[in-house]
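Guided by the hints, dock chain B onto chain A, whose structure is given.
There are 2 protein chains.
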Amino acid sequence: MTWLDLPADHPFGIDNLPYGVFSTEGGSRRVGTRIGDHVLDLGPCAEQAGMESYAVWLEPSLNAFLAQGRPAWTAAREWVTEALSNPSRRDCVEPHLLAVDAVTMHLPIEVADYVDFYASEHHATNVGTIFRPDSEPLTPNWKHLPIGYHGRSGTVVVSGTDIVRPSGQRKPPTESTPVFGPSVRLDIEAELGFVVGGATELGSPVSVGDADDHLFGVVLLNDWSARDIQAWEYVPLGPFLGKSFATTISPWVVTTDALRSARVPLPGQTDPTPLPYLQGEATDDGAGTAYGLDISYEVEWNGTVVSRPPYSSMYWSPAQMVAHMTVNGATLRNGDLFGSGTISGAEKDQRGSFLELSWSGQEPVALDDGSERTFLEDGDTVILRATAPGPGGTTISLGDCTGTIRPAR
Amino acid sequence: MTWLDLPADHPFGIDNLPYGVFSTEGGSRRVGTRIGDHVLDLGPCAEQAGMESYAVWLEPSLNAFLAQGRPAWTAAREWVTEALSNPSRRDCVEPHLLAVDAVTMHLPIEVADYVDFYASEHHATNVGTIFRPDSEPLTPNWKHLPIGYHGRSGTVVVSGTDIVRPSGQRKPPTESTPVFGPSVRLDIEAELGFVVGGATELGSPVSVGDADDHLFGVVLLNDWSARDIQAWEYVPLGPFLGKSFATTISPWVVTTDALRSARVPLPGQTDPTPLPYLQGEATDDGAGTAYGLDISYEVEWNGTVVSRPPYSSMYWSPAQMVAHMTVNGATLRNGDLFGSGTISGAEKDQRGSFLELSWSGQEPVALDDGSERTFLEDGDTVILRATAPGPGGTTISLGDCTGTIRPAR
Numbered sequence: 001m002t003w004l005d006l007p008a009d010h011p012f013g014i015d016n017l018p019y020g021v022f023s024t025e026g027g028s029r030r031v032g033t034r035i036g037d038h039v040l041d042l043g044p045c046a047e048q049a050g051m052e053s054y055a056v057w058l059e060p061s062l063n064a065f066l067a068q069g070r071p072a073w074t075a076a077r078e079w080v081t082e083a084l085s086n087p088s089r090r091d092c093v094e095p096h097l098l099a100v101d102a103v104t105m106h107l108p109i110e111v112a113d114y115v116d117f118y119a120s121e122h123h124a125t126n127v128g129t130i131f132r133p134d135s136e137p138l139t140p141n142w143k144h145l146p147i148g149y150h151g152r153s154g155t156v157v158v159s160g161t162d163i164v165r166p167s168g169q170r171k172p173p174t175e176s177t178p179v180f181g182p183s184v185r186l187d188i189e190a191e192l193g194f195v196v197g198g199a200t201e202l203g204s205p206v207s208v209g210d211a212d213d214h215l216f217g218v219v220l221l222n223d224w225s226a227r228d229i230q231a232w233e234y235v236p237l238g239p240f241l242g243k244s245f246a247t248t249i250s251p252w253v254v255t256t257d258a259l260r261s262a263r264v265p266l267p268g269q270t271d272p273t274p275l276p277y278l279q280g281e282a283t284d285d286g287a288g289t290a291y292g293l294d295i296s297y298e299v300e301w302n303g304t305v306v307s308r309p310p311y312s313s314m315y316w317s318p319a320q321m322v323a324h325m326t327v328n329g330a331t332l333r334n335g336d337l338f339g340s341g342t343i344s345g346a347e348k349d350q351r352g353s354f355l356e357l358s359w360s361g362q363e364p365v366a367l368d369d370g371s372e373r374t375f376l377e378d379g380d381t382v383i384l385r386a387t388a389p390g391p392g393g394t395t396i397s398l399g400d401c402t403g404t405i406r407p408a409r
Numbered sequence: 001m002t003w004l005d006l007p008a009d010h011p012f013g014i015d016n017l018p019y020g021v022f023s024t025e026g027g028s029r030r031v032g033t034r035i036g037d038h039v040l041d042l043g044p045c046a047e048q049a050g051m052e053s054y055a056v057w058l059e060p061s062l063n064a065f066l067a068q069g070r071p072a073w074t075a076a077r078e079w080v081t082e083a084l085s086n087p088s089r090r091d092c093v094e095p096h097l098l099a100v101d102a103v104t105m106h107l108p109i110e111v112a113d114y115v116d117f118y119a120s121e122h123h124a125t126n127v128g129t130i131f132r133p134d135s136e137p138l139t140p141n142w143k144h145l146p147i148g149y150h151g152r153s154g155t156v157v158v159s160g161t162d163i164v165r166p167s168g169q170r171k172p173p174t175e176s177t178p179v180f181g182p183s184v185r186l187d188i189e190a191e192l193g194f195v196v197g198g199a200t201e202l203g204s205p206v207s208v209g210d211a212d213d214h215l216f217g218v219v220l221l222n223d224w225s226a227r228d229i230q231a232w233e234y235v236p237l238g239p240f241l242g243k244s245f246a247t248t249i250s251p252w253v254v255t256t257d258a259l260r261s262a263r264v265p266l267p268g269q270t271d272p273t274p275l276p277y278l279q280g281e282a283t284d285d286g287a288g289t290a291y292g293l294d295i296s297y298e299v300e301w302n303g304t305v306v307s308r309p310p311y312s313s314m315y316w317s318p319a320q321m322v323a324h325m326t327v328n329g330a331t332l333r334n335g336d337l338f339g340s341g342t343i344s345g346a347e348k349d350q351r352g353s354f355l356e357l358s359w360s361g362q363e364p365v366a367l368d369d370g371s372e373r374t375f376l377e378d379g380d381t382v383i384l385r386a387t388a389p390g391p392g393g394t395t396i397s398l399g400d401c402t403g404t405i406r407p408a409r
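Chains as they are written, first to last, in full-length UniProt numbering: chain A, 1 to 409; chain B, 1 to 409.
For the record, the hints were derived by calculation from the structure and aren't laboratory data.
Given the structure is predicted, the values throughout are model-derived calculations rather than measurements.
Be aware that one or more of the hints could be misleading.
Put simply, identical chains are the same to the list, so a pair is met inside one copy or across any two.
Unchecked claim - Below, in silico cross-link-like pairs of lysine to any residue (SDA-like), each with a Cα-Cα straight-line distance of 20 Å or less:
1. Lys348 - Ser312
2. Lys143 - Ser176
3. Lys171 - Ser85
4. Lys171 - Pro272
5. Lys143 - Gln279
6. Lys348 - Ile130
Isolated chain A (complex conformation):
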């Protein structure tokens, strides 16, 4: 219970407390937590309260806080929870609360390495069927390892940033050589992004069981994708310019701790069973160390909810992705970000990309305004939203992740 005047079912209640980076007019960027419709300016508040490590919250990104590691994250969450729960703290804390509408949100992390996985079986099956109609939809490796690749860290932007339609090479099926111009198959990918801290040394793999020490929290992630550019470029070394123009993330990093009640077992990995380094162990909550997450998404296209992808349908677990990513000795750095890959459920209205929803443009999607869409048109706005179960039947919001398409330059 918080001493703030807040409905018990507020999706940014005391059980959520995500971290973000904000500024007020003329002020510097700094770290805050969201409670209800307010942002708590953590640095000055913690300094005034005599908290030792307040300085990490005066930084313009979460990276210094991420570097402190799991014990510090737990202690910080306890401190913030107490500050907002104990009425005796009210006089000290209240002056540092700002209306969320009065602040500007920024990219919460300085992105170190950005990796994008491909962890939804339904998505991989759909895309495989569309892109490689003459082959098995899933490549032979797909159920043996969480496939991933590195993306461009420098073009990760915060929710609300306009997305300029990218130009590039594409080869229409009717042409013998490629043409150049603005992408005509601009798409989204609704994903969950994982924010990493507690940097490791070179040559120190992180096990599935230890992954939580490095999984600070999550953001919503839209991996904008120019399908025509991607289709022409991606063999043999993977997606490049079809993805690297922009990746949008939500401003509030919801912590792994806040998502404890959302942990669920994976749908199943029995045929085949993964190699030992990817296997989790049983835990008291029944979800295992290789847990999934019961996060419900909405994909809104120009005001119409066109899809509701369920994160609980994902094949590979975040902890498995961490274990795989580091098994060769690669380091984790503070500020590393990895995406789950597009979240698509088994049903048509659970698909997390327009490529799948429109089945490569063959089945237009009807919007409430009477128009139809296959891929993104200039002026279109896409909003991702998501929620997860909190403790005691509450609901936690992961906020939203939005972008509007601007014409190619």
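For chain B alone, kept in the frame of chain A given last:
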């Protein structure tokens, strides 16, 4: 002519002047330039001489200097050249010269995004023949665009760093399911790395003609590759763990200015001619804005030079790689690094990887010590060295890039 007592043909003479980051015992990391067998401690020297922007040379990486952009780089080079040429500067400069053997070299840049290209036609043809024997060696897109993908920035290490053999999944041809263990096909890729500065804004492509404003200089780059891990994982999203365990670069960044005399025309791009955004323009030196570079490599394996790849044989130019990488609006950041891809010439003894030199392990390479090699064994040491023509018949050294293989943990 420098006032230092230096042979006129010293490969780190007055025409070279590469930048690196060094430290002395107990001292902080800072920027220096190499002249002969000395390192000039640039920050204090420039401060004492009253140079305005000396502070960027007191930083622990080149990134602040990279941020200053082309005009500052040119001015700095003129300043350093004058300081080391004008005898009246000697008293002021000489106290800041340190023996190169007495300093420790560090990673010269804080790597922002790392991209690896695939710009050698001979290499791509060899690898395509080995990895995809039933297809055309070059994919249909290869001559239309410089294929590239993002690598892991966080595991770029400086020359001399030991390389621990990575473990991971591989699927031997005789098995139906993958096995886990140390890579048994550990390889090198001899590449040239390009260090980028003069950061751009989102949505601002850099043309071929403007690329030099962002190409600060080059390093030697060894893109260590676990071929068995790579072969199993790379379809459909590209190389990941087969590469991400380590990438080694040489400590001295040789500037684009120092390589002016090394510019040569590309071998030819007439069938097909690339799209206009990839085309260079003629220049007075005959090399064009889409120039190649006449850099000669040596690959030394346990003391035996096993290959001499010629960079002049590369199909795609560095300026074309910059233009391609940004044509979709992606930014360049200070500290971006991109690799050329393996440099392989037309001849067998010009191949830049052991995969090619041993033709996938079928043709062992004989070393001077009487042993034979296919892929890397524990304890093996590989050294890349390279030189380029300087002005007036001189030779410029790009230094060396070395690593020794340690057993898997």
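Results for each hint:
Proximity of Lys348 and Ser312 under a CA criterion of 20 Å is satisfied intra-copy only: 16 Å inside one chain copy versus 52 Å between copies. For a Cα distance limit of 20 Å, the shortest separation of Lys143 from Ser176 across copies, 13 Å, qualifies, whereas the shortest one inside one copy, 35 Å, does not. For the homomeric pair Lys171 and Ser85, neither the shortest alpha-carbon distance inside one copy (59 Å) nor that between copies (55 Å) is at most 20 Å. In the homo-oligomer, the alpha carbons of Lys171 and Pro272 lie at most 20 Å apart only across protomers (14 Å), although the nearest pairing inside one protomer, at 37 Å, exceeds that limit.
Taking identical chains as interchangeable, the C-alpha atoms of Lys143 and Gln279 lie at most 20 Å apart only when both belong to the same chain, with a minimum of 13 Å there against 43 Å between chains. Taking identical chains as interchangeable, the C-alpha atoms of Lys348 and Ile130 lie at most 20 Å apart only when both belong to the same chain, with a minimum of 14 Å there against 40 Å between chains.
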